[in-house]
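Undergrad: Each chain, letter by letter, is given below.
Protein chains: 2
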Amino acid sequence: MSTQANTRIVLAARPQGRPKPGDFRIETVDVVQPGEGELLLQMLYLSLDPYMRGRMNATKSYAKPVEIDAVMEGGTVARVVRSRHPEFAEGDIVLSHSGWQSFALSDGVGLRKLDPAAAPVTTALGVLGMPGFTAYAGLLTIGQPKPGETVVVAAASGAVGSAVGQIARIKGARAVGIAGGAQKCAFVRDELGFDAVVDHRADDFAEQLQAACPDGIDIYFENVGGPVWDAVFPLLNDFARVPVCGLIAQYNVIADSGIDRLPTLMQQVLRRSLTIRGFIQREFVDQRPAFYRDMADWIASGQVRYREDIVDGIENAPQAFLGLLEGKNFGKLIVRVAGIP
Amino acid sequence: MSTQANTRIVLAARPQGRPKPGDFRIETVDVVQPGEGELLLQMLYLSLDPYMRGRMNATKSYAKPVEIDAVMEGGTVARVVRSRHPEFAEGDIVLSHSGWQSFALSDGVGLRKLDPAAAPVTTALGVLGMPGFTAYAGLLTIGQPKPGETVVVAAASGAVGSAVGQIARIKGARAVGIAGGAQKCAFVRDELGFDAVVDHRADDFAEQLQAACPDGIDIYFENVGGPVWDAVFPLLNDFARVPVCGLIAQYNVIADSGIDRLPTLMQQVLRRSLTIRGFIQREFVDQRPAFYRDMADWIASGQVRYREDIVDGIENAPQAFLGLLEGKNFGKLIVRVAGIP
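Those protein sequences? They're chains U and P, same order as listed.
Quick note, the first sequence lines up with residues 1 to 341 if you use full-length UniProt numbering.
Quick note, the second sequence lines up with residues 1 to 341 if you use full-length UniProt numbering.
Worth flagging that the hints you see were computed from the coordinates, not collected in a lab.
Heads up, none of these hints are tricks.
Given that identical chains are not distinguished, each listed pair holds provided it fits within a single copy or across any two copies.
With a cut-off of at most 20 Å between alpha-carbon atoms, the simulated SDA-like pairs for lysine to any residue come out as follows:
#1 K146 with E283
#2 K64 with D238
#3 K64 with P234
#4 K328 with E308
#5 K64 with Q268
#6 K64 with S273
#7 K20 with L324
Kindly generate the complete structure, drawing on both the sequences and the hints.
TA: And the structure:
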């Protein structure tokens, strides 16, 4: 072990608008051995998620920005390769938040042991992890879907969107997905079982969305922002709820000018008694046990399906992440850092 | 009675932007006598409220617009002058929604008998009526003030704003009012007991508001819209709540251009986990009994005070209403249509 190298990806520069490969830097450093009470983790999988774009900015947010020259943040599935910690043994597989690197030390705080026999360990980064829980908590607590209501979600083939639509259907609501391209749309409709799907790349996207929502929209689960909003907004029904968990299409926007849409937004918030509510899943931590139980049941019964898009090699994480921001992934984007031996 | 005339004010034209006197027309028509099961009401007081501006537009809203040539809508306190209805007697004083006119027929539906001995009957249009209930339901249900939190409300000397701040203080929160001019500010601070008040006409309004909210803003009760929002928005804390019940400063806006504030709004909704929630008080009808009980207690104990601005004569309603839209009233604006004999 002592001769092993840690390959890590650090933030080289804060992006101006759209990130570019040069905003990241790959480094190779020696693996540090654990002290008493510590353990050494070897990353098996790294999760790539839209929220990471926000951490690259210096702007105030619910989480601290990644510092320049610091390792990029991220959720990981790792194997304990050396333990001097009483609660972990070599060979344990854990969920950790070790970031974009192949090895990391841990004092055990915040780790969650995974049972590879219960579910593929990658699901702890997706449908049974943070993205799945974001969908679950945001939809059920803020969205509160009722039978017969219409739920719309964008990035519907992605980690969060796919869970939102399927949970909506389990609760008796009608799920309308938005996705980019024929392949993803077919997957959302045929594999995930959404009631309808609309391609946001279509010239007549807004008209198609309206046709797919003949009774209007009761819940719009906002995880993309940008142009989709303009098509969704006029369709929101009285008392519609808009949980906001991500704005990937806006993360790279520097400034906006033109028509000021804020007064219209507020007028409609008032006239239609709309609820717009930003959230992060951490806020709903008390619902996690119910989530793990429900979601495991739904996966077992086939009511929730998921798709993973796995890229090999930590050195490919920056390029994969840039693709994620442009919707190039197809399913939950995960980097395989090392194979399970 | 049969020789009496009904003076009524109808919508003559839909305003383009700011309403003008010519958008209203005064008419005099014969009073119609009640048929079986009906009663004739003589208006004593007419409530003038900002929401009426919205009803002058043809735009879709939570309520139907007033039709051209139809009587302007409005809450009224009236006396039963002739009754052919078993549940009402001549001389009863009732709360009705009879609009801008001196007489009206009713079938009794939606009327609420008032006890003039229990409280001045005008309070049924203000602190013990729709505006007071708007403050109560919006602040407690959506705002959910906690001890030590900071609650900001504009139009703080008005019917809704004055109740919001005083209820916030009863719940242990810090109340910061916004009002226009030294006289109203003094009233809000000295008579209503707000913790701080800021004059929105001051050149350094935004700086003064920031200084008045050293711990940020946890609840902004939005009942005005317009420029105040820009000063409030940067001060909203994580998990802040924004109940939206009125946008009087925007009711006359036709179109907006310049910087598009929507992307920034949504980014901050996400980053700060904000809640923005439009509402109308009708939605919370099940809380009305609690409201009547609590508010009557608070008025009796002196914890809630109120101010009325009474204008004489139904013919003066249009001018008084135009003044309301410009903040010229000082307290709950009410038209005295007829004296209590």
